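Two chains, each in its own frame: build the complex with the hints.
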Amino acid sequence: NAGVMQNPRHLVRRRGQEARLRCSPMKGHSHVYWYRQLPEEGLKFMVYLQKENIIDESGMPKERFSAEFPKEGPSILRIQQVVRGDSAAYFCASSPSGGRFDEQFFGPGTRLTVL
Amino acid sequence: GENVEQHPSTLSVQEGDSAVIKCTYSDSASNYFPWYKQELGKRPQLIIDIRSNVGEKKDQRIAVTLNKTAKHFSLHITETQPEDSAVYFCAASLNAYSTLTFGKGTMLLVSP
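Here the protein sequences line up with chains L and Z, keeping their order. Mapping to this note's numbering: the first sequence position 95 is 95, numbers consecutive. Just so we're on the same page, this note's numbering is the position in the second sequence counted from 1, plus 115.
Extracted from the complex, chain Z is given alone in its bound form (with noise of 0.2 angstroms):
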């Protein structure tokens, strides 16, 4: 089954800096890739996702870029803030029925 990959673990950086998360995944079937974000205690929530008939989209500070080839993907926040602070997961899509296939979450810190 399909396999996901996230790096890093734990990431720290300073307001305003930018913050990178990769993953990687095995299935070169899967064309869904969303990103969560999850606050400490809450429920995850979408932020972005990509598809896999496009290569890069944005959303503000939020920027997501798709390699199929390579088969990774990453998320890219710019300027972050203390509030981007959270545990961010990526996804993947694997089979017609659109279950996720997460990887285990990068810890982001932004600190004043």
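Extracted from the complex, chain L is given alone in its bound form (with noise of 0.2 angstroms):
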């Protein structure tokens, strides 16, 4: 029974390239949750997404971002033109049904390293 997986675990880009970040939910789980993580500081939500469907991106810059998670396949959180501030782990958690009270499992999260 895997928990949740996320891929590449680090990942280094330029800038200006474009950062691909994978996530593949816990069995049987529908609901996935991207945060923001920079060093020393809490986790921050980005974007919350059910299959097919974006819940709340309140929390995703409005450039350069974009999330999807397809019908079939992982989650993916895309960041274009890539810039030194979006270096940070980036972390995806999942839920079963996205209740207010369902625990949210961590991925081990991607750590972006921009030059």
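Just so you know, these hints were derived from the structure itself, not from any lab. Warning: the hint list may mix true and false statements.
[What the hints assert, rightly or not] Calculated lysine-lysine pairs in the DSS-like style (CA-CA distance at most 27 angstroms, straight line):
| id | chain 1 | residue 1 | chain 2 | residue 2 |
| --- | --- | --- | --- | --- |
| 1 | L | Lys27 | Z | Lys157 |
| 2 | Z | Lys186 | L | Lys44 |
| 3 | Z | Lys183 | Z | Lys172 |
| 4 | L | Lys27 | L | Lys71 |
As the structure is a computational prediction, the values presented were derived from the model and not from experiment.
What follows is the structure, given as structure tokens:
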């Protein structure tokens, strides 16, 4: 029973390149959340998705960032034209139903470094 | 939107002592308060949570208290052990979609 999977675990990009982060939720989970963690800071909510739907993207920058969770395959967080300030750990979490009291299970994170 | 403040940012204790971490939240509509433990380089893991219809919850050496009137909640760890050393995050859930607002974390160091 695999937990939440994220890949790659480490990603290095040069300024201006694109970063694509993948998240496979736990089996049976249909709700995915993306959080960003800057060094020595807490986790900041970015976006909440169900299959084929974005439910809440209020924490995601309007430009350069996008997210999707297709019917088949992992959820993808895409960052276009990366800048140094995008360097952070990006965690996704999944829950079975997205209910208010559902535990969110976190993946191991993707550590993005922008040179 | 919701704002969660967490104190202290770092906490050093001797093995066997108790540790207390406090959080306050701004939105009285929040009613779910989980605590996550994150070891260095690892994923955050839920260690305990409390809902607004409960004032206190305990699980072995860990307990959480909630004061809805004052809008604050606390994590208590008794008989601390070196393996308790980690960063602890409190969070609050505001809206019906259960997205979490996190505090900035407390780095707990337990010295043997």
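Fill in: Given pair status - L:Lys71, L:Lys27, alpha carbons within 27 angstroms
holds (14 angstroms)
Discussion item. What's the verdict on Z:Lys183 and Z:Lys172, does the C-alpha distance respect the 27 angstroms limit or exceed it?
Written reply: At roughly 14 angstroms apart (the allowed maximum being 27 angstroms), Z:Lys172 and Z:Lys183 satisfy the hint.
Discussion item. Can you confirm whether the C-alpha distance between Z:Lys186 and L:Lys44 stays at or below 27 angstroms?
Written reply: holds (21 angstroms)
Discussion item. Holds or violated: L:Lys27 and Z:Lys157, Cα atoms, limit 27 angstroms.
Written reply: holds (21 angstroms)
Hint check: no violations occur; every hint is consistent with the structure.
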